[in-house]
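A.B. asks: Each chain, letter by letter, is given below.
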Amino acid sequence: MRILDPHIHMTSRTTDDYEALYAAGVRVVVEPAFWLGQPRTSVGSFTDYFDSLLGWERFRAAQFGVRHHATIALNPKEANDPRCRDVLAEVPRYLLKDGVVAVGEVGYDSMTPEEDEVFAAQLQMAQDAELPALVHTPHRDKLAGTRRTLDVVRESGLPPERVLVDHLNETTVALVRDAGAWAGFSIYPDTKMDEGRMVALLQEYGTDRMIVNSAADWGRSDPLKTVKTARAMLAAGFTEDDVDQVLWRNPVAFYEQSGNLVLDPVPGFTEGAGPAAGVEYEGSSVLRGVRA
Amino acid sequence: MTEDLPTADPGTDWLDRSCAAITAEPDQVTRAFALAARRVGREPQRPDVDPTGVVHGTVDDAARARLVVALADAVGTGPDLVERLTTLYRQGDGAERRGVLRGLDALAAAGRLAGPDGAADALVAAGLELAADALRANDPALVASAVGPFGSAHLDQHTWRHGVLKLVFQGTSLDAVHDLTARADTELDRMARDFAAERRAAGRTVPADLGRLSTAIG
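Line order of the protein sequences matches chains A and B. Just so we're on the same page, my numbering is the position in the first sequence counted from 1, plus 8. Just so we're on the same page, my numbering is the position in the second sequence counted from 1, plus 63.
Source of the hints: derived by calculation from the structure; they are not laboratory data. Beta carbons are placed, not taken as given, at the ideal position from N, Cα and C, and that holds for glycine. There's no promise every hint is true.
Chain A residues, not near chain B, derived (Cβ > 10 Å throughout) [claimed, not checked]:
| # | residue |
| --- | --- |
| 1 | 25 |
| 2 | 119 |
| 3 | 132 |
| 4 | 151 |
| 5 | 164 |
| 6 | 201 |
| 7 | 207 |
| 8 | 232 |
| 9 | 265 |
| 10 | 267 |
| 11 | 294 |
| 12 | 295 |
Quick list of simulated restraints, FRET-style, between CB atoms [stated by the list, open to error]:
| # | chain 1 | residue 1 | chain 2 | residue 2 | range |
| --- | --- | --- | --- | --- | --- |
| 13 | A | 186 | B | 180 | 52 to 58 Å |
| 14 | B | 265 | A | 226 | 20 to 26 Å |
| 15 | B | 185 | A | 97 | 28 to 34 Å |
| 16 | A | 45 | B | 244 | 32 to 38 Å |
| 17 | A | 152 | B | 157 | 29 to 35 Å |
| 18 | A | 46 | B | 244 | 30 to 36 Å |
| 19 | A | 214 | B | 108 | 25 to 31 Å |
| 20 | B | 279 | A | 216 | 35 to 41 Å |
| 21 | A | 94 | B | 250 | 31 to 37 Å |
| 22 | A | 124 | B | 108 | 36 to 42 Å |
| 23 | B | 221 | A | 244 | 39 to 45 Å |
| 24 | B | 180 | A | 59 | 47 to 53 Å |
| 25 | B | 185 | A | 212 | 51 to 57 Å |
Required output: the full structure, derived from the provided sequences and hints.
C.D. replies: The following block contains the structure:
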């Protein structure tokens, strides 16, 4: 089974997760820029984080054979803090970089005027940079927020096939599909969406333009939810080709629109081998302890 | 100020002495704020119904609220207090941030923010920025501290509604919201009904508190 997880926050995960991802067939990941838990209060906090998505995290992933890509944006929640607003001026230079496969996560958190402005501005940046956009739909007042999201996307002129609208559920999936965008689902242990419900949605809507992710982060989440969804699909009678469609070919097709997606195996990585000795990033390695 | 004298209730004694110290020297509030929980404790105000202290606040929340009032007594409710409270919040940890908001609650409840002369308008505006920051937080105790009397009196309706809904999302009792029925409107009712519909479509439980936001939810 080959899997690309199109939405996973590896910054908050341990190397155990990287090992488990590789072993389960997740060879490529996309990590979107988002809030961290503790609010950021300056532009420097953001640029250090963006740099870590392109630097340390890509290195860490490679040590375990995983190809790591990122999306870059000022997220909806921190769009409301005036101290963070100026990071918008820094985003375009990151959109030029290797390994940046979309503008994101953009969208709404509480549907404020500030969020409107920052969302529209970054969809324009996606147009200018010829990148797709990863759009977060709000957890609160989700249906109204998703409608408003689709209005903003439509006004931006970004072609809907370049937009992935994520965190959908039973009440929002139809309107996103009707708008012509990709439909994203984050599979969590208890909240948002689970494997069983996902399989039901795939049975209802088919596999076309459906995207599944773990959105594993610093909260209670599971980086192997993509794999578990694949197994649930097979158990429900979907074919291996259906699984490859949803868990590999769909997210690849979406992010390939960036021209920056790299799918080749990590060079020099030997399956089953631990991280390479002596390899460091800015003086840090992922090795701990003395090698025998 | 930081020495504990032998007394039956070292907590309140420390608090009384700290308030007096702030009156004499307002800068003392910074150290008092940081030490408050260590001196008065962290227990919930109403342990019988609120064992975690998230809904009705903690002993140190109340102590910091008193320190804020003492600070307002010392420097007034003008620009000096605006600057001091903003700094206490921005440089504060989660508990200190709650303390600033509970302090604004105490001032609001005492009618000190609503003068016809507008003398406290800048303080209210600054407080609203801090409350908005708290409502964006991931810490449920901090979110809950933003919907007390100050939030109830001054938050704009959109922000207030989203704060209420966030409490439901975080599993915090709506008992945390000051005077919920006064500001609950048809739009909040609509938001609650949509949320309940989402949960039912997902085959998940509908939080009981949604029934307090809409009579249409069983």
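A.B. asks: Would you check whether the claim that residue 119 (chain A) is not at the interface survives, using Cβ distances to chain B and the 10 Å cut-off?
C.D. replies: violated (8 Å)
A.B. asks: Taking the closest pair, is the beta carbon of residue 164 (chain A) still more than 10 Å from chain B?
C.D. replies: holds (23 Å)
A.B. asks: Run the C-beta distances from residue 201 (chain A) to all of chain B and say if the shortest one exceeds 10 Å.
C.D. replies: violated (8 Å)
A.B. asks: Find the nearest Cβ of chain B to the Cβ of residue 151 (chain A) and say whether that gap is larger than 10 Å.
C.D. replies: violated (5 Å)
A.B. asks: Does the Cβ pair residue 221 (chain B), residue 244 (chain A) satisfy 39 to 45 Å?
C.D. replies: holds (42 Å)
A.B. asks: Find the nearest Cβ of chain B to the Cβ of residue 132 (chain A) and say whether that gap is larger than 10 Å.
C.D. replies: holds (25 Å)
A.B. asks: Can the suggested window of 30 to 36 Å be confirmed for the beta-carbon pair residue 46 (chain A) and residue 244 (chain B)?
C.D. replies: Given range 30 to 36 Å: holds, Cβ gap about 34 Å.
A.B. asks: Residue 267 (chain A): least C-beta distance to chain B exceeds 10 Å?
C.D. replies: holds (35 Å)
A.B. asks: Take the C-beta atom of residue 214 (chain A) and the C-beta atom of residue 108 (chain B), compute their distance, and say whether it sits inside 25 to 31 Å.
C.D. replies: violated (54 Å)
A.B. asks: Within 35 to 41 Å: is that where the Cβ-Cβ distance between residue 279 (chain B) and residue 216 (chain A) falls?
C.D. replies: holds (36 Å)
A.B. asks: Taking 36 to 42 Å as the stated bounds, is the beta-carbon spacing between residue 124 (chain A) and residue 108 (chain B) within them?
C.D. replies: holds (39 Å)
A.B. asks: Is the gap between the beta carbons of residue 152 (chain A) and residue 157 (chain B) within 29 to 35 Å?
C.D. replies: holds (30 Å)
Hint compliance for this structure: hints 2, 4, 6 and 19 are not met, and every other hint is.
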